[in-house]
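One-letter residues, chain by chain:
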Amino acid sequence: MKNINHRQLSIVIFLTTIVVFSWPSSVLAHVESGQAGGFFSGLSHPVSGLDHVLAMIAVGLWGAQLGTPAMWLLPVAFPMMMAFGGMLGLMGIPVPGIEIGIAVSGVVLGALILVEKRMSLFAAILIVAFFAIFHGHAHGTELEAGQNAMLYSLGFVLCTGTLHGIGIGIGLVHRWEFGRLALRGAGSLVMAGGLYFLWGALA
Amino acid sequence: MKRAGTIATVLGLVLTAPSVALAHLVNSGLGPFYDGALHLLLSPGDLLGLLAASLLAGLCGARAGRLTIIVLPAAWFLSGLVGLNLIGTLELPWLSVISFVILGVMVALDPKFHPVAVASMAGMFGIIHGMLNGSALAAIGAGPMSLFGIAATVLITGLLISAFVVSLRAAWTRIAVRVAGSWVAAIGILMFGWMMRGAG
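Which chain is which? The protein sequence lines are A and B, in order.
First residue of the first sequence: 1, per this note's numbering; consecutive thereafter.
First residue of the second sequence: 1, per this note's numbering; consecutive thereafter.
Hints are computed from structural coordinates only; laboratory data are not their basis.
Glycine included, each C-beta is placed from N, C-alpha and C at the ideal position.
Do not take every clue at face value.
[Said to hold, decoys possible] Where chain A lies over chain B, by a calculated footprint (3+ residues, C-beta under 8 Å):
#1 3 to 16
#2 164 to 178
#3 182 to 189
[To be verified] Across the chosen pairs, the derived CB separations fall in these ranges:
#4 A:Arg-118 <-> B:Arg-63: 49 to 59 Å
#5 A:Gly-49 <-> B:Ala-139: 51 to 61 Å
#6 B:Arg-174 <-> A:Leu-172: 14 to 24 Å
#7 B:Arg-174 <-> A:Gly-169: 15 to 25 Å
#8 A:Arg-180 <-> B:Ala-8: 24 to 34 Å
#9 A:Arg-184 <-> B:Gly-5: 40 to 50 Å
#10 B:Leu-86 <-> A:Arg-175: 27 to 37 Å
#11 B:Gly-5 <-> A:Gly-169: 35 to 45 Å
#12 A:Gly-185 <-> B:Ile-140: 51 to 61 Å
#13 B:Gly-141 <-> A:Tyr-196: 53 to 63 Å
#14 B:Arg-63 <-> A:Arg-175: 51 to 61 Å
Bound-form chain B, shown alone (with noise of 0.2 Å):
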């Protein structure tokens, strides 16, 4: 316990030690990589269904999560690819936010899926996700490490997500979760009126 301490210290100290600051990361070939890592995190839509997605998952159980983190960044990561790779950007906003409203609405009626269902859903929402992603990052000349970073951010907030409310055992953090996927549908219900409108 005490060796651990110790590693925890020297670990902490070497990390926060003052070092040179790299606006670029050309040197280390990290750069595209964060890039892409922070774009999900900066990308509501992007997060708003990776949460439902995962929230699904956590709530059909141990192993509809298990699946879904494997099918969910495996799909993003491999439709970024195609989407890299094709000619033109995809701008299909309906279809990413009609993704994120089914799994929202799914987490808000909490149905029972079997686990190979949620994966099945979750991969196509990775699908149509990716594709867009890929197709995005082609147009500013990004490579696959950027889509990396995307499937990797995918990979770890998914798992968070998932794991954390399948550890839920009390009845009303079940139904919080729930109001987590009301919340996730309203959002894309309303930006349905306002891509109607021309403000999307």
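One chain only, chain A, in its complex shape (with noise of 0.2 Å):
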């Protein structure tokens, strides 16, 4: 098949922009409130919490200190299994120990960065799956009134995911010798801040 060149790429891309911005659209004179503001605080409310961001983070840095695949599999377990806590949670089915878990999670993570600890896949998918049942517990359930818990829901897990992300895009510099210090470094501090929310989560 013959290749595009970049002039014929740019023409294509000149034609679709003009295309795409003379498109005729509907104009509203209201935003519908209550759907955009569900979506921007679904979005906005994992970062409102530094327990949920810092566990967040820590998944992403874990996992690339583990390597592929546990640093794509992590981020594909955690949001499925925070939902299913965030079901629960809906449903009225009680967790003990919610704050207590959230905290832990900080340690635990913490820890297991800190001394840059290996384990099988399985393990590692099961102790954060773990953990995420928690945070979606927690957090997955606030909804104000009036919004749509759709756009609430799909704000929340992609602001979730994207704290992964971010997590591993850190977690990368552990191709480097600096770099595996620095994310041992990072793994202490995720695990203190783990033990204040904990100490918090006990007093």
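With the hints as a guide, bring the two chains together.
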């Protein structure tokens, strides 16, 4: 097949842009605030609590430290189990020690990064999936009145995934010697944060 | 090459030329078509399932992709026609969510399905959502043209996504697709919870 050269590609992109921008579309005087608000409150919710942020990033850091396939499979397992935890919360099924579980997730994940613990993929997924339930139960259920549940869930999952991505991005320094040390240092920070939240949960 | 550039510039100028803006596309008859097209693009439930079906088709190879982009819009349109003629509005949010959770889980697990199996699953999804769309359109007095707009958008979106996934070569990109599938499934699982609570 004949390859498309750079110039032809530029023309295609130019034409597509023109068509897209000249495409007739509806102009709405009133944005549906509940709909849009649902998405943005879902998107901002995971970053509103440092405990949640620490654990999400730690999952990415640990995955990067373990290398492939864990680097990619942990962020596949986490959102699904987090959503399961959220579903339990929404159905009114209690999970004991939610706040303690969230804090311990920071401690355990931080410690695993600190000691650069290697384990089987199955065990790593199991650990991450277990803690994801606590995070989902606590954070996935806080929809404000009048907002769209689907868009809230979409924003919530997208933000959580992005935090994993940030963790993976930072964790890629693992390929260098100084990066390995820096990553272990980051693990100690996550662990310290987890201990702080654990102290608060137990007090 | 020079001629192509000239044609592109002329086309660009023609398309961006100022013209009368009509709020209602009654004269052109394209209003319902755009309504349908936009309806799909503004419906996260439909879009998520379409995304998952297209990702799955792309993961399973070019043949699965080709079959899916034929079966999915056709099923969507034909079952939509049935939905248009139903008495009463179908309210089956559970079915809609279940369908995209299953597709999302499939993408996350990345099983090796036969192309016909992938197209069949996409077709089932198309039947469910087409029927729901048709029923909803009938309730607001819309007709087959809106449904055609939906089916056209399904075709174009599905084609772009599945072709993109088929073209991916690096191993990590395939896993990124699986991550996207897990997100679709996660959103669906959360939606079950919301529906149980009565907020869905």
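Structure-based check of all given hints:
| no. | hint | result |
| --- | --- | --- |
| 1 | 3 to 16 | holds (count 7) |
| 2 | 164 to 178 | holds (count 5) |
| 3 | 182 to 189 | holds (count 7) |
| 4 | A:Arg-118 <-> B:Arg-63: 49 to 59 Å | 40 Å, violated |
| 5 | A:Gly-49 <-> B:Ala-139: 51 to 61 Å | 41 Å, violated |
| 6 | B:Arg-174 <-> A:Leu-172: 14 to 24 Å | 19 Å, holds |
| 7 | B:Arg-174 <-> A:Gly-169: 15 to 25 Å | 19 Å, holds |
| 8 | A:Arg-180 <-> B:Ala-8: 24 to 34 Å | 51 Å, violated |
| 9 | A:Arg-184 <-> B:Gly-5: 40 to 50 Å | 56 Å, violated |
| 10 | B:Leu-86 <-> A:Arg-175: 27 to 37 Å | 59 Å, violated |
| 11 | B:Gly-5 <-> A:Gly-169: 35 to 45 Å | 39 Å, holds |
| 12 | A:Gly-185 <-> B:Ile-140: 51 to 61 Å | 59 Å, holds |
| 13 | B:Gly-141 <-> A:Tyr-196: 53 to 63 Å | 59 Å, holds |
| 14 | B:Arg-63 <-> A:Arg-175: 51 to 61 Å | 38 Å, violated |
In the structure shown, a violation is registered for the earlier hints numbered 4, 5, 8, 9, 10, 14, in ascending order.
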